[in-house]
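Trainee: Using the sequences plus the hints, can you model the full thing?
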Amino acid sequence: MRKVKLTQGKFALVDDEDFEKVNKYKWQLYNMDNIHFYAKTRIWIKNKKRKSIRLHRYILGLYDPKIKCDHKNGNGLDNRRLNIRIATPSQNSQNKISHNKWGFKGVSKDYNSWRAMLRTNGKRYTKNSCRTVLEAAKEYDKLAKEHFGEFARTNF
11 MRKVKLTQGK
21 FALVDDEDFE
31 KVNKYKWQLY
41 NMDNIHFYAK
51 TRIWIKNKKR
61 KSIRLHRYIL
71 GLYDPKIKCD
81 HKNGNGLDNR
91 RLNIRIATPS
101 QNSQNKISHN
111 KWGFKGVSKD
121 YNSWRAMLRT
131 NGKRYTKNSC
141 RTVLEAAKEY
151 DKLAKEHFGE
161 FARTNF
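The opening position of the sequence shown corresponds to residue 11 in the working numbering, with each subsequent residue numbered one higher.
Any given hint could turn out to be false.
Lysine-lysine pairs mimicking DSSO-like chemistry, simulated, CA-CA at most 27 Å apart [said to hold, decoys possible]:
#	residue 1	residue 2
1	Lys78	Lys20
2	Lys119	Lys59
3	Lys82	Lys58
4	Lys111	Lys15
5	Lys76	Lys50
6	Lys31	Lys82
7	Lys111	Lys76
8	Lys34	Lys13
9	Lys78	Lys34
10	Lys31	Lys56
11	Lys137	Lys152
12	Lys82	Lys59
13	Lys111	Lys58
14	Lys13	Lys36
15	Lys56	Lys20
16	Lys34	Lys50
17	Lys155	Lys82
18	Lys31	Lys20
19	Lys111	Lys50
20	Lys50	Lys119
21	Lys31	Lys58
22	Lys61	Lys36
23	Lys119	Lys133
24	Lys36	Lys78
25	Lys133	Lys111
26	Lys82	Lys56
27	Lys61	Lys82
28	Lys148	Lys82
29	Lys78	Lys56
30	Lys13	Lys61
31	Lys15	Lys50
32	Lys13	Lys106
33	Lys119	Lys152
34	Lys13	Lys111
35	Lys148	Lys137
36	Lys155	Lys137
Label pairs and their in silico Cβ distance ranges [what the hints assert, rightly or not]:
#	residue 1	residue 2	range
37	Asp74	Lys15	22 to 30 Å
38	Asp25	Lys133	37 to 45 Å
39	Trp112	His157	36 to 44 Å
40	Pro99	Lys61	16 to 24 Å
Hints in this document: simulated from the structure, not taken from any laboratory.
Using N, Cα and C, we set each Cβ at its ideal position, and we do this for glycine too.
Mentor: Next up, the structure:
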């Protein structure tokens, strides 16, 4: 594992075998929304135009914007091959980190109880009447593992 220098004093992680290819470029820290950070640069593509590309897409050779990929651990600066993978838009969404006010993905308050809920393929799956937010978060994790498999972003 090697560190690639970015702007603003930050670094991205890459595998040893990708370091030389990646280190030919100057990489910038890309702050997407004050929560998600990525590394990006500009490269020349076949038709002699410059194109902005994120580090994980460059490593995977993904130049077609229709093809999506994600970071398994949610860290956009961890670009080791074991952490990046091709994903459908739906799978990418399933792997998102939650930033709701309860602090747990798939959890909401329902009057005097808590609810775990997820949606996939046009269907909604819920577990109602959880006594605590922690119980609801654990129930969400069960639902996510069952329906999202390896793309499940769990709370615990």
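Trainee: State for each hint whether it applies.
Mentor: Structure-based check of each hint:
1. Lys78 to Lys20: Holds. Lysine 78 to lysine 20 sits at ~25 Å (cutoff 27 Å).
2. Lys119 to Lys59: With a Cα-Cα distance of about 50 Å, the restraint between lysine 119 and lysine 59 is violated, given a limit of 27 Å.
3. Lys82 to Lys58: violated (33 Å)
4. Lys111 to Lys15: violated (34 Å)
5. Lys76 to Lys50: holds (18 Å)
6. Lys31 to Lys82: Since the Cα atoms of lysine 31 and lysine 82 sit roughly 22 Å apart, the hinted pair holds (cutoff 27 Å).
7. Lys111 to Lys76: Given that 27 Å is the threshold and the Cα spacing comes to 32 Å, the pair is violated.
8. Lys34 to Lys13: holds (13 Å)
9. Lys78 to Lys34: At roughly 24 Å apart (the allowed maximum being 27 Å), lysine 34 and lysine 78 satisfy the hint.
10. Lys31 to Lys56: OK: lysine 31 and lysine 56 at ~17 Å, within 27 Å.
11. Lys137 to Lys152: holds (10 Å)
12. Lys82 to Lys59: Answer violated: lysine 82 to lysine 59 is near 31 Å, above 27 Å.
13. Lys111 to Lys58: The given pair, whose Cα atoms are some 47 Å apart, is violated under the 27 Å limit.
14. Lys13 to Lys36: The hint holds at about 13 Å.
15. Lys56 to Lys20: violated (30 Å)
16. Lys34 to Lys50: holds (13 Å)
17. Lys155 to Lys82: holds (14 Å)
18. Lys31 to Lys20: Status holds; Cα separation ~19 Å.
19. Lys111 to Lys50: violated (30 Å)
20. Lys50 to Lys119: violated (39 Å)
21. Lys31 to Lys58: Roughly 19 Å separates the two Cα atoms, so the pair holds.
22. Lys61 to Lys36: Holds, because 14 Å separates the two Cα atoms, which is no more than 27 Å.
23. Lys119 to Lys133: holds (20 Å)
24. Lys36 to Lys78: Holds, at roughly 23 Å.
25. Lys133 to Lys111: Judged against 27 Å, a Cα distance of about 24 Å means the pair holds.
26. Lys82 to Lys56: Violated, because 30 Å separates the two Cα atoms, which is more than 27 Å.
27. Lys61 to Lys82: holds (25 Å)
28. Lys148 to Lys82: Status holds; Cα separation ~20 Å.
29. Lys78 to Lys56: Holds, because 21 Å separates the two Cα atoms, which is no more than 27 Å.
30. Lys13 to Lys61: Between lysine 13 and lysine 61 the Cα gap is close to 23 Å, so the pair holds against 27 Å.
31. Lys15 to Lys50: Holds, at about 11 Å.
32. Lys13 to Lys106: The given pair, whose Cα atoms are some 25 Å apart, holds under the 27 Å limit.
33. Lys119 to Lys152: Distance of about 18 Å is within 27 Å: holds.
34. Lys13 to Lys111: Violated - the C-alpha atoms of lysine 111 and lysine 13 are around 34 Å apart, more than 27 Å.
35. Lys148 to Lys137: holds (10 Å)
36. Lys155 to Lys137: Status holds; Cα separation ~14 Å.
37. Asp74 to Lys15: 22 to 30 Å: holds (28 Å)
38. Asp25 to Lys133: 37 to 45 Å: holds (38 Å)
39. Trp112 to His157: 36 to 44 Å: violated (20 Å)
40. Pro99 to Lys61: 16 to 24 Å: holds (21 Å)
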